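J.: Residue numbers (the working numbering), protein chains in the order written: chain A, 1 to 283; chain B, 1 to 296; chain C, 1 to 398.
Everything hinted at is true.
Pulled a few chain B residues facing chain C out of the computed Cβ check, cut under 8 angstroms: (1) LEU88; (2) LEU97; (3) ASP98; (4) TRP104; (5) VAL277.
Don't read these hints as lab results, they were simulated from the structure. Please read all numbers here as calculations on a predicted model, not as lab measurements. Virtual Cβ for every residue (Gly too), placed ideally from N, Cα, C.
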Amino acid sequence: MSTDTATAAPTRRDPTAPWPILQIRGLGVTFGGFQALTDVDLDARQGEVHFLIGPNGAGKTTLVDIITGLTKPTTGSVRFDDVELTGHKEHRIVHLGVGRSFQAATVFEALTVAENLDIAASFRMGLRGLLRQARGRRPEVAEALEVTGLHDVADRPAGALAHGQKQWLEIGMLLTQKPRLLLLDEPVAGMSPDERTRTGDLVRYVAKDCTVLVVEHDMDFMRRFADRVTVLHEGKVLKADATVAEVQADPVVQEVYIGRAKDDRNSVSRAAAATDTTTEETA
Amino acid sequence: MEQLLSQIFVGLSIGSILLLVALGLTFTFGQMGVINMAHGEFIMAGAYTTYVLQQALGDGATATAFLLAIPVALVVAGTMGLLLEVLLIKRLYGRPLDTLLVTWGVALILQQAARDIFGAQNVEVKSPGWLDGGTTLIGVDVAYNRLFIMALAVAATAGAWYVVSKLKQGRRMRAVMQNRQLAAASGVKTASVDRRTFFLGSGLAGVAGVALTQLGSVGPTLGTNYIIDAFLVVVAGGLGKLRGAVIAAVVLGLCNSLIEYWTEASLAKVIVFALIVAFLQFRPQGIVAQETRGLA
Amino acid sequence: MNTSTDTTGAAKAAPAGGTGTPGPGWFKRRVIGTKADVVPRITFAVVAFLLIVVAPGMLTAFRLDLLAKYLVFAIVAVGIALAWGRGGMLVLGQGLFFGLGGYVMAMHLQLADAGPGEKPMFMSLTGASDLPGLWEPFRSPVFTLVMVVALPMAVATLLGLLVFRSRVRGPYFAILTQALAAAFVILLVGQQDLTGGTNGLTVSTFFGLDLAKNSDKLTLYFIVLAVLLVVFLIARQMVKSRYGQLLVAVRDGEDRVRFLGYSPTTVKVVAFATAAGMAGVAGALFVPIVGIISPTSLGIVPSIEMVIWVAVGGRVSMAGAIAGALLVNFAKTELSEAMPSGWLYAQGLLFILVVAFAPRGLAGVGDWWRENRDRFDRFRPGARTAAPASGAAAGEGA
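Just need the whole structure built from these sequences, with the hints factored in.
T.: Here is the structure:
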């Protein structure tokens, strides 16, 4: 629909020495007096799976919201492939190669799986092209159907899919857009162990040509699939750009996050964080 | 100068009418996201209640009937609202646009019912003697009935504010308004809160109806004439915000009266509408916006 | 279902449109279609036969006139189904666009009646000295015909851009459209010297057609029918295209669409403006059929009545919207002749029952049948297990 064409910055990809394709510097945001993020720096390199973890209210989703243009930061910059993202409209940022998923998988339930993917894949089409009927299946759509394992249900309405399948469909939709940075907000929430593994494999597949930033609570999932990890706590970076081993070994992280995560599972501190969760989940 | 002051008084008067009419909407619209198109007919019901009471009590008790009409209209319109909520609106939760259309259907039926009961001709409600005439304040002619409506608007707003911010009931209402799920999870009986809110909101429409009898005759389409403006007040004021509604009503009243003074009535309507759309450009959530994170 | 190369799937929703090349099996594919196409296509053929042959032959001039008016209303209804049913934009102010088209047409027809250099009749009554500048360009028939569509679309585009950009939606949008229609009517009444005020504008000819002559009225009827067909085909093409899916997507998840790289504002503006253009065309045709356009047919109440036609017919279905407009207006004429107050109750009740308990309207009956047929189909060997519900909400019966 949008007539925007991506202003592709000169590519400086060097597979041997990955440079940070995503550079976040000094990011801060306040909501009506509440400092949600303070001076956040973050680097993510081409082709890496970068996990963003932290307790409820740490500002993870807010960070994703800022990168994708949903929230305007108070201070700081987000540079992706040498292009400043802040200040652009959401759909412009998508055209610059940044895709995102939502905590609660949002797919178009009234449309079929294939139609969902087709719409996603057509995002660079002008109005004139969109007004034509889709004929045949685009290669991107076929690939996404294959990779997500949704081939058999391609003509079913997306509303009829199981929860896990919806998540995969959403990732598949993003895949058809060939993004260079993908932001996944809690992709395995509510999934069975089996589905988690499949999601992890899917994320790995996506990361072949793309940098993936995953917001996740699930520590086991992080251990298995993260290249690098950044820990957020109360809107600040607690541990930047570390390995999984480093994060696990860090006593401070252990205390504020791992400890709390265990509590979370025992649903002790759930109530305290309830307000946070509800606001986050609306996003 | 006097002309200007006089226009400002007219503006404040229009504003107070708008506020009275819109006050109930801030409850029903604000809390439940329900656009109740039958709100105008509840206003009408309040006006006809005044008429019926005056007929019943006879010529000697015009003033008594009028004052009595205020609480009676509150109960009559409130009960109608309660019934509407229980019978229809409750079933349409989460379908705001459908609610709008369904309540419009209810409005049509109520209008026709009024026509069949009271006749298509407008009826006159007599003013109590002490509302006739007026006085002069700093060079401006001020009619008593206008002053009375302003006072009633202030009183109704104060009452509504008291209920919302001081009473336990009001706290529950605000809780449901801000986060329905969380309120429900914390043990607030949301269904019962909804019913009470609807009673209160609709009852306030009835009170507005009593006030409107002092400005002209009462007919089946009385409410329709005010409902759009009332909704614009709520939209401009911010969802379910008492403070926003007050500011919006006064500002819209003043705008209407002043623009009308400089241009003329029909153009003023269009200009005011354009101003509202322009205003929503930089404050889409209205004057008093709820601070939220996320997409909601 | 459109992405499927499988013809069964591709044609499932409705009769296939688009541009197939003639070749072997062309007739079967394009005209008869697949099994799922048979019912809609037969229905279409029967309705077309009724409207083109039977109605002009059987109905009295008076009844045919009424039918023409209903068909005009059906044009508005198609637009509403597109904006509201598909796009989720409850347009409560279509009377505005209907009125813009109508007044533009009426101004031209009045000037044409008056003759070159002359003023319309009503202006000599109000005592205006010169023809207002606003009227002058409408002497040109071409300009008028363009403006019939362009003016409503321009107003809708402007309003849509402003309103959708600031993410005003749902009931807020509905209220704003309604308020605009109300303001428009007040303006029409207030600017009496320019618009004829509450009396409106009357016309007696239409581009050389004498509106008092039955043969000319028949011509007008066929013009209306042709316009309705064109409007229907445009709407169906939009619905079946990627854009149509995108519109449904915006309805159901505006933010998701935004994060897929589309501007929901643009998507919505296109549908809103198209609906406005259709209402404008309808208004322009309403003028010669009824002979008058006045504020009473444009206000809040008429505007919301337009929505109920679509609600009754089925909001997501273009054909349903047409059926709804015809049926509700027929019922209105019949019932208000028999008992005027009865109709108003009936209309209110219709609103409540249809919207609250049968939101899919008449078209829902067809969906129900299809769903159940599919349920039976499943037990047959080799039957497709295509999911029925998809059509119900999105792709069904253009």
